[in-house]
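Visitor: Please put together the full structure from these sequences, using the hints given.
Last residue of the sequence shown: 438 (this note's numbering), numbering continuous.
Worth double-checking, as some hints may not be accurate.
To be verified - With a Cα cut of at most 30 Å, we get these calculated BS3-like pairs of lysine-lysine:
no., residue 1, residue 2
1, Lys262, Lys434
2, Lys434, Lys326
3, Lys320, Lys436
4, Lys436, Lys262
5, Lys347, Lys434
6, Lys347, Lys326
7, Lys434, Lys320
8, Lys320, Lys347
Unchecked claim - Now the in silico label distances, taken between C-beta atoms and shown as ranges:
no., residue 1, residue 2, range
9, Arg285, Lys434, 18 to 24 Å
10, Asp273, Thr375, 21 to 27 Å
11, Asn348, Lys434, 29 to 35 Å
Derived by calculation from the structure, the hints in this document are not laboratory data.
These figures come from a predicted structure and were not determined experimentally.
Don't be surprised by glycine CBs; every beta carbon is placed ideally from N, CA and C.
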Amino acid sequence: MKVTLIAGSTRPDASTTKLCHYIARLLTEQGHEAEVFNLQEHVLPLYGPGEAYGHEEVLKLSAAAKSADALVLATPEYHGSLSGVLKNALDFLNSEYFNNKVVLSANSAGGLIGTASLLHLQNIVRNLHGINCPEWISIGGSLREFNENGEPVDEGTELRIRTAVASFVTLGEKLKNA
Numbered sequence: 261m262k263v264t265l266i267a268g269s270t271r272p273d274a275s276t277t278k279l280c281h282y283i284a285r286l287l288t289e290q291g292h293e294a295e296v297f298n299l300q301e302h303v304l305p306l307y308g309p310g311e312a313y314g315h316e317e318v319l320k321l322s323a324a325a326k327s328a329d330a331l332v333l334a335t336p337e338y339h340g341s342l343s344g345v346l347k348n349a350l351d352f353l354n355s356e357y358f359n360n361k362v363v364l365s366a367n368s369a370g371g372l373i374g375t376a377s378l379l380h381l382q383n384i385v386r387n388l389h390g391i392n393c394p395e396w397i398s399i400g401g402s403l404r405e406f407n408e409n410g411e412p413v414d415e416g417t418e419l420r421i422r423t424a425v426a427s428f429v430t431l432g433e434k435l436k437n438a
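Guide: Here it is as structure tokens:
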């Protein structure tokens, strides 16, 4: 299974991006192909009608999303919602990129957990005809710490991530083989 993970943070060394890389590593260890599309590195123009669809970074995003069998959307939680850069990226994509693909939503929040951004992501996925994974990942506060090997420091956080990824993979493989 090929998975595209979209990291929706613009901060260098963001915990959201670290989370994406850790999930990608878990997927790769299980024999899946994983690509992290980091919105801090791939700067997109603001969405709107016009020539932006031909922008080099929009074309890269479109190709990464279209070629995926499944997607992971990860965001910091800002003011009870997803990041502006992730919403902007999703605005460039339509249902042809999500239709019947499983999507895992994940976030990194300043508080203990941040469910508002996850609910918003799941609503967007439904509107794009994607299939929400019944599990999601929210890491917050001190649980956002990763060690020098890119692994969560907290054992409970690592177990939660592994559990959600296992559910995501199971559903993704069923859909791919259906």
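Visitor: Any of the earlier hints contradicted here, and which numbers?
Guide: Failing hints: none at all.
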